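Chains Z and D, in that order, give the protein sequences. Position one of the first sequence corresponds to residue 49 (the numbering used here), numbered consecutively onward. Position one of the second sequence corresponds to residue 2 (the numbering used here), numbered consecutively onward.
Just so you know, the hints here were simulated from the structure itself, not pulled from any lab data. This structure is a prediction, so every number in the text was calculated from the model and none was measured. Keep in mind that a hint or two might mislead.
[Stated by the list, open to error] List of simulated lysine-lysine pairs, DSSO-like, C-alpha gap at most 27 Å:
1) Z:K171 x Z:K155
2) Z:K103 x D:K8
3) Z:K171 x Z:K80
4) Z:K202 x D:K29
5) Z:K230 x Z:K215
6) Z:K103 x D:K29
7) D:K135 x D:K100
8) D:K54 x D:K20
9) Z:K151 x Z:K215
10) D:K20 x Z:K103
11) D:K29 x D:K54
12) Z:K151 x Z:K177
13) Z:K71 x Z:K61
14) D:K4 x Z:K103
15) Z:K180 x Z:K215
16) Z:K177 x Z:K212
17) Z:K112 x D:K29
18) Z:K125 x Z:K171
[To be verified] Over 12 Å on every C-beta distance to chain Z, these chain D residues come out as not near it, computed from the model:
19) T25
20) L119
21) L127
For every residue, glycine included, the Cβ atom is placed at its ideal position computed from N, Cα and C.
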Amino acid sequence: MPQATKEIQRRIKSIGNTKKVTKAMEMVAASKMRKAIANVLATRSYSNLAWDLVKTLASRTDSKYHPLLEKRAKVKKIGLVLITSNRGLCSGFNAAIINRSIKYITKNEDAEVELIVLGDKGKDFMSKKGHKIVAEFEKLDITTNITEITPLAKLLVDDFIEAKYDKVVLAYTDFISTLVQKPRVLELLPINSDNVDKDLGQVTGESEKDLEHKEFEYLFEPSPDEVLSELLPRLIEMQIYQAILESDASEHSARMVAMRGASDAASDMIDDLTLIFNKARQSSITSELADISGGRMAME
Amino acid sequence: MSKILFKIATPERIVFEEKIDQITLPTKMGEITLLPNHLPLVSTLIPGEILFKIDKEEIPMVVSGGFVEFNNNTLTILADTAEKVEEIDEKRAEEGRQKAKELLDKKQDMAEVDFVALSSQMEKELARLRVIRKYKKLKPRLEIKREEDNN
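Next up, chain D with everything else stripped away, as it sits in the complex (with noise of 0.2 Å):
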């Protein structure tokens, strides 16, 4: 079977390299997953989860927004940032949401620019927070299976 070569890059590094099976990408438009032999695509992303798959395993990154284009076969994701979920410093994460809400509530008279760029800074450490906590209380779930299995 075919496989997608997926390629994410953000203006610091080349955050992951590798030939996956299917992957799930949050676009303006909403969820979409793309399989092997898509159509070319170009889309732009949202701060949110990306979700692939490696043979049987499935991997989690968070994005801050983007773009991503596919074709044959290739998939390239150009990321604001972009990390893995055992990446993300999960106390730094809501340290920076909470600092751009205060700031947000602070400044209601501010200007627009300044508005806009910290409201995408929240959301941008919301979607990390949602999506560490999301596989915080799932992995203590796979531990426990885990033990039971040796048992």
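Chain Z extracted, bound-state conformation (with noise of 0.2 Å):
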């Protein structure tokens, strides 16, 4: 019996650490989840407002004015952007952006989809399957200032407009709450009002405004060309950063969850193997007694 409960003894220990290592990682998680929302609520009702015009402007403006605004007749090529994390342990995170984005891909068969990765997990996963990957970008733990994503925006909206793409999607995962995240795809460029359902931060719930019913056309001041080519690449800019904010805030959620599921779960299990222990202490004492009280009554 010593044996068994030695065994068990080093099995608690071990989990015991283990348990050590997922707090850390969960108290981790936790701080940067904080600053990660904070930056992400902070941005959402600005990136709504600008989205809520890009679309309007979009729907209200003669698409002549701005090659931003241009529907493509045939889709050839998608540029994918997909934002991912650059380390695991966050339990579904990754594997559901994988998933959307790979379901987009495979429902849009008759385009070419070429990506460009946020974050190692994505790119990894998608070069091992043979996807094509066009350019990658450095995903940080918190992003906080818009300049760190201009690069990306400036390439996607260049390659739009030299109709090396004729769609840019963004792969994100929305940020909804602590404990709900849902991957999203959304369609950035051309900027039309066909995909109203899709836009970010859906928590708040502003409703979308009834713009079908109303006629009317923008007076711009100095001159549309003026106004959309200041105006419409800062917004777009402005949506791929909400986008990066909120994927943040997500895999950090889902990885303080994690922690926190994997630290209650070593707590449950050092309850039943102590319990276990004990037992087994005691059955080996009683044997013990057992057998000198035993030896004694031979003896006599």
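Join these two chains into a complex; the hints should help.
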């Protein structure tokens, strides 16, 4: 019996160590999550307003005024921006968004899909699967400044205008709450109002304005070209930024929840094993006692 | 009388949201004033002062560029930064201007991009300063007037 108790003791100790690690990771993830959530909530109302404006403009303005509004008749090439995390241990976070993008790719079979990846996990998976990755951008743990994504935004806008892509989509994870995140594919370019129900940050629940019923055209000052060429790229950039922030917040939340689950499971396991350990210890004492008293009986 | 629903947002927060009677904005083409029932309009803002009226009260704000959309008596401003006058720290604005100016003077041969960025930075700080100085001058006078009224 002492053999068995020793074994159990060793296991309890090792699980205890694992628990320490997961607990620490949970703390780290929680503090990052707080920062990321603060970021995402701060910019969300701005980016919602911006996206509303972009959509209203797109539906109200002749697409000849700006190349970004131009809807291509035949979609031959799609650029898909896949936002994942660099590290794992965040339960289904990466799998969910990767699956969502794969679904999108298979749905658009007749078009060639090229990937622009952010985050190692997405990159590794997609290159293993043999998808074409044309560009890779570094994914920071927490993105805090819009200038960090300017190169990405510029690449997307330029490639779309040069007609390298007929469509640009963003695959990101929408942050709904700490416990709920939703993978989503957003059609970013061309800007049209077909994708009304897919805007960012649905938590705010801002309803779509009833655009269809009002007939009017915007007055542009100084001129449509000038205003649009300044406004559209900036608001597009904002949209990408927001998508990354949403993904950041989702990633850290998912990781925190996963780590909390792991710590809880470790505690349960330690409790169970302690019980088994105590039983084993007790039964070994009992049998020893029985041996001793049995021996004495025989002596007498 | 109809009013304008005015909303001004920056990437950090929604700065202000209220029903107003009229508003004056610094656009690229010059200052414009919007009244209720104006035509739908989209324009770009330059650093400067926003002045709007609620009932009889005039409230000034500072923006450092952005976009403005007016439609169906709803005015949305997407600003890079925006502050109410009482929120501006004059010392900070002055320091910011000094710093931008020093950098600008020092690096004559820097890349064009940096130069443009710095110039616009200075423009923004200058707009802040301009507005705060204007209202600082005004404020004491208003207070004196009030004292006279009391007497």
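Indices of hints not satisfied (ascending): Nothing - there is no hint that the structure violates, so all of them hold.
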